[in-house]
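Assemble the whole structure, with the sequences as input and the hints as a guide.
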Amino acid sequence: MSNSVRFFLNGQIHEASVRPDTTVLDWLRSAPRLTGTKEGCAEGDCGACSVLIGHVDGSEVKYHAANSCILAMGQIDGKALVTVEGLKTGELHPIQAAMAENGSSQCGFCTPGIVMSLAGLAAANPQADDEAIHDALAGNLCRCTGYRPIVEAARKVVAAGGAEITGPHVAAFAQIEPQPLLAEGGAVFHQPASLNELLTLRSEKPGAILLGGGTDLGVALADYHTDWDEVISLGSVREMRQVRETENHLSFGAAVTWEEVLARVGGHYPSLATLIRRFGSTQIRSMGTIGGNIGTASPIGDGPPALIALGAEIELASLSGHRFLALEDFFLDYRKTELRPNEVIASVSIPKPKPGQEFRVYKISKRYDQDISTVCGAFSIVREDGQVRSARIAFGGMAATPLRATEAEQVLVGTDFDERAANACAAAITARFQPLSDWRGSAEYRLQVASNLVERFRRDVAGETVEVMAL
Amino acid sequence: MNTDAKIVQRSIVGKGIAHDSAARHVAGEANYIDDMPELPGTLHAAFVLSPVAHGRLNSFDATEALAMEGVAGVWSAKDVPGHNEVGPIHTGETLFAEDIVDHEGRVIAVVAANDFETAYRAAKKVKLDIEPLEAVLDIEDAHRRKNYVVPVQEVVDGDVDTALADAPHVFSGKLKMGGQDHFYLETHIAYAIPGENGEMLVHSSTQHPTEVQHHVAGILGIHANAVECQVRRMGGGFGGKESQPTIIAGAAALIAAKTGKPCKMRLKRRDDMAGTGKRHDFVVNWKVGVDERGRILGLDAEYLARAGNLPDLTGPVITRALTHTDNSYHIPHARFVGHACKTNTVSNTAFRGFGGPQGIITIEAIIDTIARELKLEPNAVRAVNYYGDETGDTTPYGQKVDDNRLVEVTDAVLASADWQQRRAEIDAHNAANPVIRRGLAMMPVKFGISFNLTSLNQAGALVHVYLDGSIFLNHGGTEMGQGLFVKVAQVVAEVFQVELDMVRISSTATGKVPNTSATAASTGSDLNGMAAFKAATAIKARLTRVAAEHFDVEEEVIIYREGRVHADNRSVSFGELAKMAWAKRVQLSEAGHYATPKIHWDGKTMKGRPFFYFSYGAAVAEVAIDTLTGETRCLRADILQDVGSPLNPAIDLGQIEGAFVQGMGWVTCEELWWDKAGRLRTVGPSTYKIPGSRDVPPIFNVRILDNMPNREETVFRSKAIGEPPLMLGISIWLAIRDAIASIAGSVPQLDSPATPEAVLRSVREAKGRLKDS
Ligand SMILES: Cc1cc2nc3c(=O)[nH]c(=O)nc-3n(C[C@H](O)[C@H](O)[C@H](O)COP(=O)(O)OP(=O)(O)OC[C@H]3O[C@@H](n4cnc5c(N)ncnc54)[C@H](O)[C@@H]3O)c2cc1C
Ligand code: FES
Ligand code: FES
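Protein sequences, first through last, are from chains A and B. Numbering-wise (our numbering), the first sequence opens with residue 1 and increments by one. Numbering-wise (our numbering), the second sequence opens with residue 472 and increments by one.
Keep in mind the hints are simulated off the structure, nothing from the lab. Just to be clear, a hint being listed does not mean it is correct.
[Said to hold, decoys possible] DSBU-like, lysine-lysine: derived pairs with alpha carbons at most 30 Å apart:
id, chain 1, residue 1, chain 2, residue 2
1, A, K88, B, K486
2, B, K486, A, K156
3, B, K595, B, K732
4, B, K1147, A, K336
5, B, K647, A, K336
6, B, K647, B, K846
[Stated by the list, open to error] Ranges between beta-carbon positions, derived for each pair:
id, chain 1, residue 1, chain 2, residue 2, range
7, B, N756, A, L436, 24 to 34 Å
8, A, G90, B, D972, 13 to 23 Å
9, B, K595, A, V170, 50 to 60 Å
[Unchecked claim] Sample of chain B residues facing chain A (criterion: CB under 10 Å; computed from the structure):
id, residue
10, Y655
11, N696
12, Q1126
13, F1171
Here a beta-carbon is modelled for each residue, glycine too, at the ideal position from N, C-alpha and C.
Structure representation (structure tokens):
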């Protein structure tokens, strides 16, 4: 047991004896008084608190941006943490220099966070195009500049070949191996390394919080709404960090992040990749896991409708064994699931595309990037000689759980998916759902959009450009 | 005064110089108040806010909060030693609620603890006994009940009733426009540090240090001379830190005075959004009479503004809405009426544009309606109504438009945006594409520069020259990112012809320059730049005398260039001259004061010349809309903006782009949403969506009108820039209307913001008409 979190802080090994559920942002700004990292919202949405997290990936150290406001100190044990103060090595990092020269800051409050996001991009993707630059900036709000000078600074750095992050080498990480148990100030943080260790802990401590990336759980922490007295973190569980590909399936360990999922699905389901690029932000996708998105069982989550339409199956594991469920059967009611107190979601398996299959998922929100869906509709059909043989349709934002529209699916089967079939399918969707009204949209709007998406899907599979963002 | 005199060459003013803090911003080395080292014993404060929109506050019980380890105390109205007042204009606007809470998020009490987290948690533990009362949440409901916070205002010109009765065509409509949260990235914060003998130093993130100083003194029951307010920089203001900081600073200072300990108060984002004011949402009912060409003959417009629970700045916001309803158009007969509706929602406040956007979107909606009703091209309707020789040049409030640049600006932007060809392309696209529709729109903006209230148009500056030739500059303006500090420093460096880094920019402080106005109404560089210019020029005149004596030449011969002072082929460095002056016991320090000339305003008749000059701009926007989902995207925007002879074109460009995108947010994605109980549910960026980087039009051409010095004698003939381009964002809303109009050729029924839901509703309405006809 250790009472301090151990990590590289701007290149130097640092041991911090804090409660492991202290947020990285609060810790940075209080103990070492590294105040370059700002708080703009404490809910993971503005990016002012962005830092870089480094971890060993095979033979290299990889860095990604993360929101320090919703990140617990326990989660950086065994990692490298880089803040804006650590980016500058004597002279300004190229992105800092480009932003300073380019008029990319006005009030400057968003600036350190933007610097970190773009430094992450410059290291990870030196070939970034404008779309990739926007992907990197999707989690950073700037209220002053209108972004143009920020994007331009990023272009300059990319055009010059990007820039690496200077930090510890792979070998150095051996000195800060993740510690199995952190405990300080009454808070306990377990980091099991294997599924078996995890399942043992889970059965011994059914009340402990299961922590994936913390992008859902961390929001309440940042609002001082909760304490995490006992946490079981999934980030070091070997089996749950794996991606397996078989002839017919892609299988993701539950602790695989969305950013890692994104890297694997594009070739099979481009529309799924587009959705994932709009899932939160780079910061959120780099921490948030596929298992957490299912475990949180939000009615407005984006993963479930897409995965249900794809026919995904999940594996639930406990010391008593493994069971497999179709994803749609996991969700019982509002935030109620099949998960038993001694179980975890171990993996998610997605079938690969079949011949004649068309899959599309559409996320409708007030803002294109970094927004929660008002409605998320996913459609999958398999056609043979123009005729629909099978169909799967699922929605988020339309009910207390992610939900399949079975009647609407049935309507399509056997048709050519012409306008008439689309209209009938839309009518079946209208009949199926009674959504809620809230700040994201009224019930009428949700219903109207959900049914209109059928027409979009029809035009989309016919080859039309159907989204304004694709123009 | 001749502001251009004696400057040999403009070597510093007019240059696109980076923000003075840019290198520190990117390095995380620019310090905001929360970054300042904390003094030992510093307490942290959090508000107890009302969870209900309206109720009688019978009592509250803080026992549980006070029992928490580290909690220092709880204070409320009864603990205020002086006046429980924070209103910028009116009395009766209390810091702490007394017996009635009148909006959700109303400040009831403040808790302090040894650390922020404890204070915040303790505040949530205070138990409130509130007896609910009926809440008025809707603007029109308040209007029906005649619930107003200030008396009605009216701008009347000519005889509108007769004009409407005689007009060949009369159209009417109702427009609803939403409010807007400032969403400055740095939330409200203040750090109060008690000193000896009752003194109080307050670091406040405020656009108005003088108001913070005076209200803190009032709250503590001490003289203003015992309070100093300082502000180095804000992490954004946009008007949200004009009157509201007194609430936060007042509470922090109260705790500091009560405990004798320094106290920091920082608002969590949700408390900031629930507890402080926003842009006013309005409902406008209008009726216009026109001839066949769309020439406006008379306009009757009734504005209902959501004041919220208190007046705050609602009166002047309405004044600016009424004085911007004409925008660029001559309106021969006008009646513009403004009601300040009192609702049980948080008191609205200043926001960049300050009523101007609400006035301008109204007239632009009217012009658009006229054009579509009469089947005319909207820009043709604009053109027949522009101020000019053929129409007239007097505004409904009596000011002459004598610096008109409307035709230059709009013709130029139409040409550079390739209007003709794109109009044809878009019409062709729409004829062939039922689902994705495109729209195109142009609009001009004429914006009046000066505070409507004449007395606010003054500023002070303090300039010291030290014996090494370095210069210390202080003025009443505050830095919120807009680049005011570098602009004013450029003015001073220009006067002395020294390197910019010889001018030290310092925190705004009420002890250095007193009785200042808020940095607002776009006037920051006009007022403070001129005050600094006057101070620097006065010192320079004395130095020139010393130099002339030294070189034994006429004063006319003395030239300042590149850090040296020349007389023919002899010269001394600027520092050497300063030393010589000191040795001769010449004063090397000066306080400058500037008051804008020519302006006057009669608040009773609503007539006068409220504005020193007008600033002009125009934008063309193209959008695409999805008629299945209501999603929209701005594909291209072209902007041309008049900034006179800019002090710093790089800074001005940033202001134009940033303001445009903020205006775009106001009319598209930014939506404030209250539930039926009057609770604001959009209190963070997860629910309140401001534009992101991908929302900025991929083609974004922003130009500054070349070579157009201000006709008025402003500092180096520059023009203000902070607010006007925000209203150019309305062009996106007009382009969305244009796209919707392509469906049925009818007048789009569209309010603001044009969220996907609002657009889809409007699209369905248009499709419905198509079916009916
Ligand atoms: C700014 C922001 C933007 C977001 N945007 C989106 C978005 O666009 N779309 C979207 O769908 N979501 C979004 N989210 C929500 C969140 O990021 C996702 O749900 C994410 O996938 C959660 O994964 P996590 O690993 O971070 O979950 P955590 O927060 O770690 O956990 C969430 C829940 O799942 C449980 N859990 C985690 N792993 C397992 C497991 N293996 N077995 C059983 N239970 C488990 C946890 O106990 C907890 O109850 C956003 C969140 C934020 C803060
Ligand atoms: S503070 Fe806004 S994302 Fe962390
Ligand atoms: S520079 Fe002010 S928020 Fe970005």
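For each hint, the structure was consulted:
Distance check on the hinted pair: K88/A and K486/B sit about 28 Å apart at the alpha-carbon level, within 30 Å; holds. For the proposed pair K486/B and K156/A, the alpha carbon gap of about 22 Å is at most 30 Å, so the pair holds. As the CA atoms of K595/B and K732/B are separated by approximately 23 Å, the hinted pair is consistent with the 30 Å bound. With a C-alpha separation of about 28 Å, the suggested pairing of K1147/B with K336/A holds against the 30 Å cut-off.
Simply put, K647/B and K336/A have alpha-carbon atoms about 41 Å apart, too far for the 30 Å limit, and the pair is violated. Proximity of K647/B to K846/B is assessed by CA-CA distance (about 24 Å); at most 30 Å being required, the pair is judged to hold. Distance hint check for N756/B and L436/A: the Cβ-Cβ separation is about 32 Å, which falls inside the suggested range of 24 to 34 Å. A hinted range of 13 to 23 Å for the beta carbons of G90/A and D972/B is consistent with their spacing of about 21 Å.
Taken as a hint, the range 50 to 60 Å is violated for the pair K595/B and V170/A, whose Cβ atoms sit roughly 45 Å apart. A cut of 10 Å between beta carbons decides the hint on Y655/B: the least distance to chain A is about 6 Å, and the hint holds. The closest approach between the C-beta of N696/B and any C-beta of chain A is roughly 31 Å, which is over the 10 Å cut-off, so the hint fails. Annotation: interface hint on Q1126/B holds; nearest CB of chain A at approximately 8 Å, less than 10 Å.
For F1171/B, the shortest C-beta to C-beta distance to chain A is roughly 6 Å, which falls under 10 Å, so the interface hint holds.
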